[in-house]
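> Between the sequences and the hints, there should be enough to build the whole structure, so can you do that?
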Amino acid sequence: MRGLVAGGCLCALASAGLCAEPHWPEGDYTYITVDQSVSDALREFGRNVGIPVRVSDKVQGRLGAGMPIGSAQEFLEWVASRYGLVWYYDGTLLHIATEGEVRTETLRHALDDPAGARRQLDELGVSDPRFPVRFSGGGNVVSISGPPAYLASVKKSLGILSEPSASGRMVGGGDRDVVSVRVFRGKRAASENVPVRNQQ
Numbered sequence: 013m014r015g016l017v018a019g020g021c022l023c024a025l026a027s028a029g030l031c032a033e034p035h036w037p038e039g040d041y042t043y044i045t046v047d048q049s050v051s052d053a054l055r056e057f058g059r060n061v062g063i064p065v066r067v068s069d070k071v072q073g074r075l076g077a078g079m080p081i082g083s084a085q086e087f088l089e090w091v092a093s094r095y096g097l098v099w100y101y102d103g104t105l106l107h108i109a110t111e112g113e114v115r116t117e118t119l120r121h122a123l124d125d126p127a128g129a130r131r132q133l134d135e136l137g138v139s140d141p142r143f144p145v146r147f148s149g150g151g152n153v154v155s156i157s158g159p160p161a162y163l164a165s166v167k168k169s170l171g172i173l174s175e176p177s178a179s180g181r182m183v184g185g186g187d188r189d190v191v192s193v194r195v196f197r198g199k200r201a202a203s204e205n206v207p208v209r210n211q212q
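Be aware that the sequence shown starts at 13, since it is given in the numbering used here, and climbs by one per residue.
Just so you know, the hints here were simulated from the structure itself, not pulled from any lab data.
In this text the structure is predicted, and so the values were computed from the model without any measurement.
All C-beta atoms in this analysis are idealised placements derived from N, C-alpha and C, irrespective of residue type, glycine included.
Treat the hints with care, since some could be wrong.
For each label pair, taking beta carbons as the anchor points, the in silico distance ranges come out as [as the list claims (entries may be wrong)]: (1) Val-46 / Ser-93: 32 to 38 Å; (2) Gly-112 / Tyr-43: 46 to 52 Å; (3) Gly-62 / Gly-128: 33 to 39 Å; (4) Asp-40 / Asp-69: 29 to 35 Å.
Within a straight-line C-alpha distance of at most 16 Å, the following computed EDC-like cross-link-like pairs (lysine to aspartate or glutamate) qualify [what the hints assert, rightly or not]: (5) Lys-167 / Asp-134; (6) Lys-70 / Glu-111; (7) Lys-167 / Asp-102; (8) Lys-168 / Glu-111; (9) Lys-168 / Asp-134; (10) Lys-70 / Asp-102; (11) Lys-70 / Asp-52; (12) Lys-70 / Glu-135.
Take a look at the structure:
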């Protein structure tokens with residue numbers, strides 16, 4: 013089980029206050045199922061450990077018998093690894109999405125102090141080392157990568173209200189702008205920022 017929790021342990025290994033971490037119950041998490049949808053099992057998991065869970069409607073698959081015994085976090089990481097899921101805890105809700113929903117958005121901002129903005133994200137418990145937030149060195153552009161709930165939390169914390177539509181709406185002016193594009197490679201989804209020419 014140790015290898016299955018590497019992603020979740022990144023938060024624990026980071027400095028205190030860097031990201032919100034669920035208060036996992038101590039001891040083994042025992043969950044017995046014969047045939048249940050992954051979505052229902054994850055919601056039941058949230059009820060059992062006392063953490064509200066919001067599962068994306070894109071999560072599919074079914075759980076059967078033979079799940080390994082481990083801690084609550086290990087159970088979550090096992091399900092996520094097996095079914096291609098990612099999770100993000102915003103301090104209140106545990107959001108669970110598919111790997112295919114992870115994307116990168118590049119947006120313009122009006123922040124005078126990007127370093128201060130990073131500290132603000134850390135202090136608010138929004139930052140997550142698994143999902144990068146990058147500020148451009150010489151411009152007012154920020155690149156945010158992660159599942160939808162994480163992107164929304166970062167943008168809200170930074171006061172960035174604009175959000176590209178699913179069709180890839182341009183987010184800036186000029187002849188060449190940046191859009192968020194999902195690029196699928198095998199089972200995983202990556203994101204690339206692709207310059208496009210304004211057709212207007």
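> Taking the hints in turn, state whether each one holds.
Evaluation of the provided hints:
| no. | hint | result |
| --- | --- | --- |
| 1 | Val-46 / Ser-93: 32 to 38 Å | violated, 21 Å |
| 2 | Gly-112 / Tyr-43: 46 to 52 Å | violated, 25 Å |
| 3 | Gly-62 / Gly-128: 33 to 39 Å | holds, 35 Å |
| 4 | Asp-40 / Asp-69: 29 to 35 Å | holds, 30 Å |
| 5 | Lys-167 / Asp-134 | holds, 14 Å |
| 6 | Lys-70 / Glu-111 | holds, 10 Å |
| 7 | Lys-167 / Asp-102 | holds, 13 Å |
| 8 | Lys-168 / Glu-111 | violated, 22 Å |
| 9 | Lys-168 / Asp-134 | holds, 14 Å |
| 10 | Lys-70 / Asp-102 | violated, 20 Å |
| 11 | Lys-70 / Asp-52 | holds, 13 Å |
| 12 | Lys-70 / Glu-135 | violated, 31 Å |
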